[in-house]
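Using UniProt numbering, you'd call the opening residue of the sequence shown number 1 and step up by one each time.
What the hints contain is simulated information worked out from the structure, not anything from laboratory work.
Fair warning: this is a prediction, and the values are worked out from it, not measured in the lab.
Accuracy of the hints is not assured; some may be wrong.
Here are the simulated BS3-like pairs of lysine-lysine, each with C-alpha atoms no more than 27 angstroms apart in a straight line [as the list claims (entries may be wrong)]: (1) 22 <-> 122; (2) 80 <-> 32; (3) 22 <-> 46; (4) 80 <-> 110; (5) 22 <-> 95; (6) 110 <-> 32; (7) 110 <-> 122; (8) 56 <-> 122; (9) 32 <-> 56; (10) 122 <-> 32; (11) 110 <-> 56; (12) 80 <-> 115; (13) 22 <-> 32; (14) 46 <-> 56; (15) 22 <-> 80; (16) 110 <-> 46; (17) 115 <-> 56.
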Amino acid sequence: MITCTRILEFDAGHRVFGHESKCSHAHGHRYKIEIEASAMSGLDSKGRVIDFSVLKGIVGTWIDENWDHGFIVNNEDPLKSLLIQIPHCVGGLQKVYVMDENPTAENIAKHLGSKVCPDLLKNTDVTVTHIRIWETPNCYADWWLEP
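With the hints as extra help, turn the sequences into a complete structure.
Listed below in structure tokens is the structure:
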């Protein structure tokens, strides 16, 4: 199998609801995401899985619209209701993305790989096979497509 990997970066805040240490506080990261993809029918006529700029355009646009300079929160987190009310209090736009589980690097990778990317790429021949998300320069989580 031949794959290609596109790296994207974004800034976002989150907190790990119920965490036993400092990650229970609202804080932010400069996330780096490695998106690995393959094409079911092999390489295209130009010898590519997918043009890197197309992958960036599809997935990167979604990340920019939903996560970049926003706050990712667990649906069960009591902070969610306050975050959703903020735009009304400050008279401006706030970006809040609600997940069904804690927004850990592991869960963000799984969410992007198993839900977001399949939906975004459903009209293409491309499948995302691996997501690596760096939460810090020293810590990352991997999601792999189940065979």
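Checked hints:
With a C-alpha separation of about 39 angstroms, the suggested pair residue 22 and residue 122 falls outside the 27 angstroms cut-off, and the hint is violated. This hinted pair checks out: residue 80 and residue 32 have alpha carbons roughly 24 angstroms apart, not beyond 27 angstroms. Taking the CA atoms of residue 22 and residue 46, the gap is near 49 angstroms; set against the 27 angstroms cutoff, the hint is violated. With a C-alpha separation of about 21 angstroms, the suggested pairing of residue 80 with residue 110 holds against the 27 angstroms cut-off.
A distance of roughly 23 angstroms separates the Cα atoms of residue 22 and residue 95; the hinted pair therefore holds under the 27 angstroms criterion. Between residue 110 and residue 32 the CA atoms are separated by roughly 15 angstroms; this keeps the pair inside 27 angstroms, and the hint holds. A distance of roughly 17 angstroms separates the Cα atoms of residue 110 and residue 122; the hinted pair therefore holds under the 27 angstroms criterion. A C-alpha spacing of about 15 angstroms is found between residue 56 and residue 122, which places the hinted pair at or below 27 angstroms, so the restraint holds.
A C-alpha spacing of about 13 angstroms is found between residue 32 and residue 56, which places the hinted pair at or below 27 angstroms, so the restraint holds. With a C-alpha separation of about 24 angstroms, the suggested pair residue 122 and residue 32 falls inside the 27 angstroms cut-off, and the hint holds. Using a Cα cut-off of 27 angstroms, the hinted pair residue 110 and residue 56 holds, with the two alpha carbons roughly 19 angstroms apart. About 21 angstroms separates the Cα atoms of residue 80 and residue 115, which keeps this hinted pair within 27 angstroms; it holds.
Between residue 22 and residue 32 the CA atoms are separated by roughly 21 angstroms; this keeps the pair inside 27 angstroms, and the hint holds. As the CA atoms of residue 46 and residue 56 are separated by approximately 18 angstroms, the hinted pair is consistent with the 27 angstroms bound. Under the criterion of a C-alpha separation no larger than 27 angstroms, the hint pairing residue 22 with residue 80 is consistent with the structure, at around 18 angstroms. The hinted pair formed by residue 110 and residue 46 fails the criterion: a straight-line CA distance of about 31 angstroms is larger than 27 angstroms.
For a cut-off of 27 angstroms, the pair hint linking residue 115 to residue 56 stands: about 17 angstroms separates their Cα positions.
When the structure is compared with the earlier hints, violations turn up for hints 1, 3 and 16 and for no others.
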